[in-house]
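If you read the protein sequences in the order shown, they are chains D and E.
Just so we're aligned: 275 in my numbering is position 199 of the first sequence, and the numbers increase by one with no gaps anywhere.
Just so we're aligned: 78 in my numbering is position 2 of the second sequence, and the numbers increase by one with no gaps anywhere.
Note that these hints are calculated values from the structure, not bench results.
Since the model is a prediction, treat every value here as computed from it, not as a measurement.
Mixed in with the good hints, there may be bad ones.
Pairwise CB distance ranges (calculated) [stated by the list, open to error]:
id, chain 1, residue 1, chain 2, residue 2, range
1, E, A338, D, E248, 54 to 64 angstroms
2, D, P254, E, P160, 30 to 40 angstroms
3, D, A208, E, D335, 29 to 39 angstroms
Among the chain E residues that face chain D by a calculated CB cut under 8 angstroms, a handful are [unchecked claim]:
id, residue
4, V182
5, D213
6, K215
7, L223
8, T233
9, A240
10, R244
11, D320
Note that CB positions come from ideal geometry on N, CA and C, so glycine has one too.
2 protein chains.
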Amino acid sequence: MMSDRRPIGVFDSGVGGLTVVRALRRALPGEDIIYLGDTARVPYGTKSPRTVERYSLACLRFLLDRNVRLALVACNTASANALPALEEASPVPVIGAVVPGAESAVAASRGHIGVIGTLATVRSGAYEAAIAALAPDSKVSTLACSLLVPLAEEGWTEGEVAEAVAQRYLTELFEADPDIDTLVLGCTHYPLLAGVLTRVAARVAGREIAVVDSASAMARAATLALGDDHSTAPSAQLRCFVTDATRLDVLGPRFLGEDPGAPELVDL
Amino acid sequence: MMSDRRPIGVFDSGVGGLTVVRALRRALPGEDIIYLGDTARVPYGTKSPRTVERYSLACLRFLLDRNVRLALVACNTASANALPALEEASPVPVIGAVVPGAESAVAASRGHIGVIGTLATVRSGAYEAAIAALAPDSKVSTLACSLLVPLAEEGWTEGEVAEAVAQRYLTELFEADPDIDTLVLGCTHYPLLAGVLTRVAARVAGREIAVVDSASAMARAATLALGDDHSTAPSAQLRCFVTDATRLDVLGPRFLGEDPGAPELVDL
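Only chain D is shown next, with the shape it has when bound in the complex (with noise of 0.2 angstroms):
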């Protein structure tokens, strides 16, 4: 039986998504995939749901056009806000961040789980949503970290800054339930403060916290979606494209762990 050559496609609101994009060619290193990063309107975090589900819309027109089998929502922020809508339009299955990464934290919690994400994400409700529907007795708090992405953008992953901010942050997720002992990074950038974020959350709490991100929940996710049709073709293509010309050549190589490559600019 010859394999579906059709690509994977994975979007996101810019470069955050390329954490995905590495779960997901560990896990399907055959697989093509085509990655989208609407970098000219990043980013989705802070804004209203309306305008991110216009853009995610716009962003899932553009991989389904390219022959996609299966389409990831990296964003969390997307995911939260634009799913029901993304999976109307997609005659193909489309993964979220939320479910996949609700499932990570149902499974490592006895119960107390803690969420941080983007404004539009916490906003949205979301993570309670899935997380009652697989374990309706787990008690989820959640808070928005705005100051996280440039944070992980601007490099300072480590440090005295990155150190204060976590334990800010932390420290009032902490206070609104002690008895916390799962933490999910809400936000494809968060993985790349996953050190600080685990070592501030130990402190703040005083013992060990679980940390799950959704990246390789959602690179699981696919793989059971594509069942016995996946790839297993040695040499897999990444074609990325970005709608504005900026900083993929520094902040690609942090997310993806690789070089993307040069990127291929569009309008939406």
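Position chain E against the provided structure of chain D, taking the given hints into account.
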């Protein structure tokens, strides 16, 4: 003689330009003002010159359609990257942020000027060019400070995080030129951080540093541009438009110093 009752237009990438409106209302209390914040596409500071120019032209057209007699480009990034295109497209005078800011800096400085702003403002070289035109012997050092905009929007304008961020950026700036005597806050958001920036600059330099910003300089330039033809009407109107309904309720009063009222949502 009837004075010209057409409004003054001000646009910005987001809500930061309300610091310019605040200075303008103080300098010209009788003038009606139309403010446009492109909150659906904020921030401009990390985007490419081509994209900044395209977005800025759309903002200008919106103001011109509302019959303004003078257009102020509150956003330093837009001023630094798009002013020639805006001037060419406008039948009414256009005042940017960079030249008034450079004039204030040259007036305050004994020859060594530091400029902090967004990545796009710093990359443009606009401040160096404007200062060189006014004072060719001045030395100019610039530094992009990407965390200051989200810091101001988070409202963390004092405290441990603000101190640590200011310390890190200003140490880097003063290492480039230890003789800096004047610091230009080259972004509409930075006046909210003027306290911590002034204090930390003095600590890093070991002496007082003059701190200037473009908001009040722009209000003076607008007053000059209008000459005698400014209104002394007792009740002037401020109308705010935004491209996305987001957080003007929280952020507006911080930047404007008064309640901007409910903004009108527009699509550019």
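What are the numbers of the hints that this structure violates, sorted from low to high?
-> 1, 2, 4, 5, 6, 8
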